[in-house]
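*Asks:* Whole structure, please, built from the sequences with the hints as guidance.
2 protein chains.
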Amino acid sequence: MTARLAGFLADTRFERPTLVMDLNAVADRYRLLADALGSAKIHYAVKANPAPALLARLAKAGSNFDVASRGEIEQCLALGIPACRLSFGNTIKRRADIEFAYAAGVPLFAFDSPAELKKLADAAPDASVYCRVLVDGTGSEWPLGKKFGCADGLAEELLVQAAELGFKRPGISFHVGSQQTDLNAWDRCFARIRALIDRLAARGVDIGLVNLGGGFPATLIRSAKLDPKSYAETVRQLANRHFGDLDVALIAEPGRGLVADAGCIAAEVVLVSEKGDGDPRRWVFLDIGKFSGLAETMDEAIRYRFETPDNTGPMGPVVLAGPSCDSADVLYEKTEYGLPMTLQEGDRIWILSTGAYTTTYSSVGFNGFPPLDTICI
Amino acid sequence: MTARLAGFLADTRFERPTLVMDLNAVADRYRLLADALGSAKIHYAVKANPAPALLARLAKAGSNFDVASRGEIEQCLALGIPACRLSFGNTIKRRADIEFAYAAGVPLFAFDSPAELKKLADAAPDASVYCRVLVDGTGSEWPLGKKFGCADGLAEELLVQAAELGFKRPGISFHVGSQQTDLNAWDRCFARIRALIDRLAARGVDIGLVNLGGGFPATLIRSAKLDPKSYAETVRQLANRHFGDLDVALIAEPGRGLVADAGCIAAEVVLVSEKGDGDPRRWVFLDIGKFSGLAETMDEAIRYRFETPDNTGPMGPVVLAGPSCDSADVLYEKTEYGLPMTLQEGDRIWILSTGAYTTTYSSVGFNGFPPLDTICI
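Just so you know, the sequences run in chain order A and B. 1 is the number of the first residue of the first sequence in full-length UniProt numbering; add one for each residue after it. 1 is the number of the first residue of the second sequence in full-length UniProt numbering; add one for each residue after it.
There may be inaccurate statements among the hints.
Pairs count within a copy or across copies, as identical chains cannot be separated in the list.
[Claimed, not checked] For lysine-lysine, the following DSSO-like pairs were computed, each having C-alpha atoms within a straight-line distance of at most 30 Å:
| no. | residue 1 | residue 2 |
| --- | --- | --- |
| 1 | Lys146 | Lys168 |
| 2 | Lys146 | Lys334 |
| 3 | Lys275 | Lys146 |
| 4 | Lys275 | Lys118 |
| 5 | Lys41 | Lys275 |
| 6 | Lys118 | Lys334 |
| 7 | Lys168 | Lys275 |
| 8 | Lys118 | Lys146 |
In short, the hints are calculated from the structure, not lab data.
*Replies:* And the structure:
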């Protein structure tokens, strides 16, 4: 946590759970990643945190943007971000939204299926396109499953088709898995992508773009010792080793790795209780839960760090849960967490590195609780 | 689905995913449950669906309301629902919210821990209170885990304390598990609660209220053959068998069982694709997903029924997923679902019995997609 963020948190009284974003920290991390990644252009994944002031700051810093929907495109355009700096990275797009984006001047579109490629050929005929390849996400904290991307063989056929449809120098994308702590995963992916590029070259298809996706980790419990700079530099070195002899443009799409560490949620303890069921752990209920910002605690995949500014002294084991009348609104029950034994109703609790994938996951008002508030400093 | 709902869906063109609620069907179900449950007062669980027109219709029909937060209390009061018809059923309440509710005239409050009982004694000294007991939820589709309630032994001690603190004729509540399809679960719970009441009577504590909670099922895949009327009548008979000789008031808190079947989500197919990975199933991507209304597909616990008005003919296996760039936004991957082989981009799809636990779970705008819209007819 930056000193600026810590100072603001200490000096402010929050009426409800609030994410505080230090935009200087975002700009610093942008420069760090941009320098470390070298020639790769950064397309910030807007879905990670679309706070207008944050987008404006990144635009000023020189960032491009990866957008997931027409709504995100409209938001970027409304902020004065030129359409030429956007890429429409969702492989699942309504035809009308492709038409909208193409007419607005968005130059780059993703696909991973014959039907989506056909839509692009119909609705965005002179765009640049790239095919997303399925990778397994081993080593990541939030593996991406099979929803996005297609198998290498299908990708090869689709890229041949793309070339036949007139798309010039199509690209390839993949994603190593969100919050990927194993740098070898990048190496393995790059080798596969290079083999695919070579097979396509042999069939006369010239690949013009490699989109490295995201996966750059934020400082969560498992990744607390990773250094963002050396991590990104290693990714660059690996990319250089596999693609350095080719004439391909590189893109990276950090979301979490760019903004998560710049944010901290100020929350409050509502109740500390025990169940009388023989489990020695206290249940600590916060005023924020799974449906008001902490959706990524699903299956306890993403493990945040906590600080308790009002409490010191001996720690004891806890279960952490949210305030709603929903049984699924438990944050950490299997993961071992410890918090001070003196913790009680009304005490403040900081949830660190929560600048990504929190605010927009908030429900509109589940159980009558308002969505997570954001303050940009 | 009622003929009225089917007619409206067929005649309407939806621009985005929309929940259509048939308020006549809600009122009909209210009367059915109220008749079947006899003397038990119905407190509709507002969190299931707080659409203002729906709350107003239920208030007109005579319903009371179970609220989870200050926000829900304010909403009910704004609609002209008298505070005396509300119960504050969340066992995790901010002290300031208890004070607010008590001052507004809310007469009934829940607790399940020493700290919460203490808060109530401080902030709502002349209220009626009830203690929630932990039950295991076996047989339910959405078991409630250990978040709410305490073990019987602790509940007994807390109710003795409540009486000592001056709370007159305190109550006991429990919840058999949401979407509970096994009527024996009620019988087992009732027997435990009766034993607890008898132990408390022996200690001089007179229990004045038994809150049966919710659990009344909607018509989902596993419960498609359950009849709501005979289900509720059986609950009444069981309650009568266990509590009929006592002078206790009864409350029931149906949420899903009261409103889910009156609603249907109108959605659309965005993409049908295959992965080329040897899995013969098609991936069907809808314009609604886990973060825009279908949160209860988490772990594939709640299994909705689908209808495809634009397609007939042979069916084939599918994976169902939402439109966002989030890997977790897969609706059904393990559960076997079949949809017509002719299904394609732009086709309509109806998601049945979705009148509960959908709209308010919607994220405020994850990935730039708007929250689920509601139309009450």
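*Asks:* Treating 30 Å as the Cα threshold, decide for Lys118 and Lys334: within, between, both or neither.
*Replies:* between (45 Å within a copy, 29 Å between copies)
*Asks:* At most 30 Å between alpha carbons: which applies to Lys146 and Lys334, within, between, both or neither?
*Replies:* Answer is both; intra-copy 26 Å and inter-copy 12 Å each pass.
*Asks:* Within, between, both or neither: how does the pair Lys146, Lys168 come out at a Cα-Cα threshold of 30 Å?
*Replies:* Only inside one copy: Lys146 and Lys168 sit 28 Å apart there, 57 Å across copies, limit 30 Å.
*Asks:* Between copies, within a copy, both or neither: which fits Lys118 and Lys146 at Cα up to 30 Å?
*Replies:* within (21 Å within a copy, 50 Å between copies)
*Asks:* Cα distance capped at 30 Å. Does Lys168 pair with Lys275 within a copy, between copies, both, or neither?
*Replies:* between (64 Å within a copy, 24 Å between copies)
*Asks:* Quick one: Lys275 to Lys146, C-alpha cut-off 30 Å, is that within a copy, between copies, both, or neither?
*Replies:* Between. Shortest inter-copy distance 8 Å satisfies the 30 Å Cα cut-off; intra-copy 39 Å does not.
*Asks:* Is it within, between, both, or neither for Lys41 and Lys275, if the alpha carbons may be no more than 30 Å apart?
*Replies:* Answer is between: at 28 Å across copies they meet the 30 Å cutoff, but 52 Å inside does not.
*Asks:* Using 30 Å as the alpha-carbon threshold, which applies to Lys275 and Lys118: within, between, both, or neither?
*Replies:* For Lys275 and Lys118, the Cα distance is within 30 Å only across copies (16 Å; inside one copy 57 Å).
Comparing the model with each numbered hint stated earlier shows that all of them hold.
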